[in-house]
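Could you build all of it, start to finish, from the sequences and the hints given here?
Listed in order, the protein sequences are those of chains B and F. First residue of the first sequence: 1, per the working numbering; consecutive thereafter. First residue of the second sequence: 1, per the working numbering; consecutive thereafter.
Please keep in mind that the hints were generated in silico from the structure rather than gathered at the bench. Hints may contain errors.
What the hints assert, rightly or not - Here's a subset of chain F near chain B, in silico, CB distances under 8 Å, partners left out: (1) G61; (2) L66; (3) F73; (4) W85; (5) S158.
Where a beta carbon is used, it is the ideal one built from N, C-alpha and C, also for glycine.
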Amino acid sequence: MNYDFQFDAVFAAWPLLLRGTWITIQLSLTATVLGLGVAIACAWAKTSGPAPLRWGVNAYIELIRNTPFLVQLFFFFFALPALGLRWSAHAAALVAMVVNLGAYATEIIRAGIESIPRGQIEAGLALNLKRHQVFRFIVLKPALKAIYPALTSQFILLMLSSAVVSAISADDLTSVAANLQSQTFRSFEIYIVVAGIYLALALAFSGLFRLVYRLALNYPDRR
Amino acid sequence: MRTFGFPEFLFILEAARWTIGLSLMAFVGGALGGLLVALARTSENGLARAVSTAFVQVFQGTPLLLQLFLIFFGAPVLGWDVNPWVAAGIALILNTSAFLGEIWRGCIQAIPRGQWEAAEALGLRYAARMRDVILPQAFKIALPPTVGYLVQVIKGTSLAAIIGFTEVTRAGQIINNATFQPLVVFSVVALIYFALCWPLSLLAGRMERRRAAALAR
Chain B
1 MNYDFQFDAV FAAWPLLLRG TWITIQLSLT ATVLGLGVAI ACAWAKTSGP
51 APLRWGVNAY IELIRNTPFL VQLFFFFFAL PALGLRWSAH AAALVAMVVN
101 LGAYATEIIR AGIESIPRGQ IEAGLALNLK RHQVFRFIVL KPALKAIYPA
151 LTSQFILLML SSAVVSAISA DDLTSVAANL QSQTFRSFEI YIVVAGIYLA
201 LALAFSGLFR LVYRLALNYP DRR
Chain F
1 MRTFGFPEFL FILEAARWTI GLSLMAFVGG ALGGLLVALA RTSENGLARA
51 VSTAFVQVFQ GTPLLLQLFL IFFGAPVLGW DVNPWVAAGI ALILNTSAFL
101 GEIWRGCIQA IPRGQWEAAE ALGLRYAARM RDVILPQAFK IALPPTVGYL
151 VQVIKGTSLA AIIGFTEVTR AGQIINNATF QPLVVFSVVA LIYFALCWPL
201 SLLAGRMERR RAAALAR
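Here you go:
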């Protein structure tokens, strides 16, 4: 291997890489917050909504989980403008991510709700707690604890799969890398550095999530 | 300008054989790699554990798309010419190895420690302990999540479209550029993936439930 690695051009572009990193983080966080909203509504519809709503939510979940994110992205970016809705690559990327995360998180949240033994809820009601008190004091924390690991790893998966939005030239980290590549032709170096940034992000977020777990959720299960 | 008709539909549908081919390649290669990763991750050799842990962290901690780019753009730089088919195949195999390896590690570790100790007490060596005692039991636990992961593998092959490999997604892009009917084109593309993935999802779900029912008894 006699390849002459030249990282100068890559490091010279650090403000661009930093901006791309920030946009990737921002996209992932925004999509997660909005996607969780979608998921909570869908989880409610699935567990206690009327039948037609339940079918609709099921169809949404199955459709999203059994098609590639790239195809969903193309659908939102190319197909909706054909219907007369014009929007930016960034907006299409965000909506595709929200819709995608919503489907996965619905199942996680539903599992969390169902993990609370019915007897505990009945016990709370028998103690004359109000419904919202039962939810706050009996259901919420253990449910949160049960779904926390799945939810946080879903966030990291979403952040990594967001690299795909570069296919429609949204302004995320991988798009920055693709632009740099076409300007400097140092493709190998650029992709090594950018892969390193993603790895650092994934490790940093999973470390942060573990810390939050230790501080806020690390109490014994009462079963 | 062309409109979307039966020939266009057929063009996308025919590309499905490349999606299936790529998926099979990734799954078979990834299963071999995954077994190695799972065995290394559970071994008593510290070096094997460290190397396999690093491998898993790198491939689970970076986007599949970038792994694809690194191999597609990196290999020529190292003096090795690869076509999109080979690049996509290698990237998908490595990625699948990491994920299946972690799934299977969990299944191996789910086998009670006592089974291992009993096999040891019977004087079985490592290979025999693994082959005759641990892996057959782990296999039963591993089947549902492995079938479920196949769906991720099939969906992952869509990324090969970005480096110009003509599978279903790329075929859809080509037809879309010719017909400008993205709504129809990408619905057809999505439905082809759905037709490939949904039966596997249902099968995985059914296997999972049957297993849970067997354990509850």
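Checked hints:
For the restraint placing G61 (chain F) at the interface with chain B, the shortest Cβ-Cβ distance is roughly 4 Å, inside the 8 Å limit, so the hint holds. Because the closest C-beta pair between L66 (chain F) and chain B is about 5 Å apart, less than 8 Å, the hint holds. Taking 8 Å as the C-beta contact cut-off toward chain B, the hint placing F73 (chain F) at the interface holds, the least distance being around 4 Å. Below 8 Å, beta-carbon pairs count as interface contacts, and W85 (chain F) has none with chain B, the closest being about 18 Å; its hint is therefore violated.
Proximity of S158 (chain F) to chain B holds as hinted, the smallest CB-CB distance being about 4 Å (cut-off 8 Å).
Violated hint for the displayed structure: number 4, the only one.
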